[in-house]
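Colleague: Using the sequences plus the hints, can you model the full thing?
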Amino acid sequence: MAQKALCSAVVAMAAGQVIGANNQLAWKAPEDLRHFKRLTTGHVVIMGRKTWSSLGRPLPQRVNIVLSQKGIEKHTDVVSFGHIEDVLEYAEEQTQKLGKKEYFVIGGGQIYELFMPHIQRIHLTYVDLHVDGDTYFSWPKDKFLGHAGRYRSADVHNPALHFLCMDRRGGLPFAPLPTYIQS
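The numbers in the working numbering rise by one with no breaks, and the one at position 148 of the sequence shown is 148.
Rather than coming from a laboratory, the hints here were simulated on the basis of the structure. Please read these numbers as outputs of a predicted model, since none were measured by experiment. Glycine included, each C-beta is placed from N, C-alpha and C at the ideal position. Where hints are given, some of them may not hold.
[Unchecked claim] Simulated restraints on C-beta separations:
| # | residue 1 | residue 2 | range |
| --- | --- | --- | --- |
| 1 | Leu33 | Asp77 | 15 to 25 Å |
| 2 | Gly171 | Glu73 | 19 to 29 Å |
| 3 | His147 | Lys100 | 12 to 22 Å |
Modeller: The following block contains the structure:
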């Protein structure tokens with residue numbers, strides 16, 4: 001049997017652990033969106049109903065899974081489940097089919113919280129801004145070990161960004177550091 005895939009979270013967070021406002025990101029950061037795309041393209045992504053609604057379409061070149069007890073409107077490129085166990089099983093199966101070793105939980109706040117016991121790695125972009133928001137990201141900080149990250153200074157298009165990778169202490173040993181940390 002193949003080794004179990006790594007369940008990871010991808011999250012962009014501003015000061016005060018803010019991740020969104022009114023079902024949208026509370027900032028513009030094209031560099032972070034490129035980072036998100038590089039990480040998740042070709043992989044399985046898991047999101048909640050509100051994140052799915054805010055996107056308005058499936059993310060291309062990814063297996064899109066939505067967790068929603070209310071259900072969503074049927075779409076040919078999206079699979080929806082009402083229970084986390086079904087999502088985890090399907091994500092694992094699809095990740096193996098794709099020949100990948102990692103799948104991604106991409107939000108929102110309630111979904112991160114629900115999946116946190118299963119998350120082994122957090123790809124965190126700290127957005128160096130103070131913004132108002134209504135959705136927050138929290139994680140058991142004592143259970144995750146941060147690695148050196150990459151810093152990108154602010155420019156005309158982006159706020160300052162800190163790209164970090166944190167692994168669960170005592171987590172899966174096979175996961176090499178992502179290239180954005182290694183370089």
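Colleague: Take the hints in turn and mark each one as holding or not.
Modeller: Hints versus structure:
A hinted range of 15 to 25 Å holds for the C-beta pair Leu33 and Asp77, which are about 20 Å apart. Taking the beta carbon of each, Gly171 and Glu73 are about 36 Å apart, not inside 19 to 29 Å as hinted. Judged by the Cβ atoms, the range 12 to 22 Å given for His147 and Lys100 holds: they are separated by roughly 21 Å.
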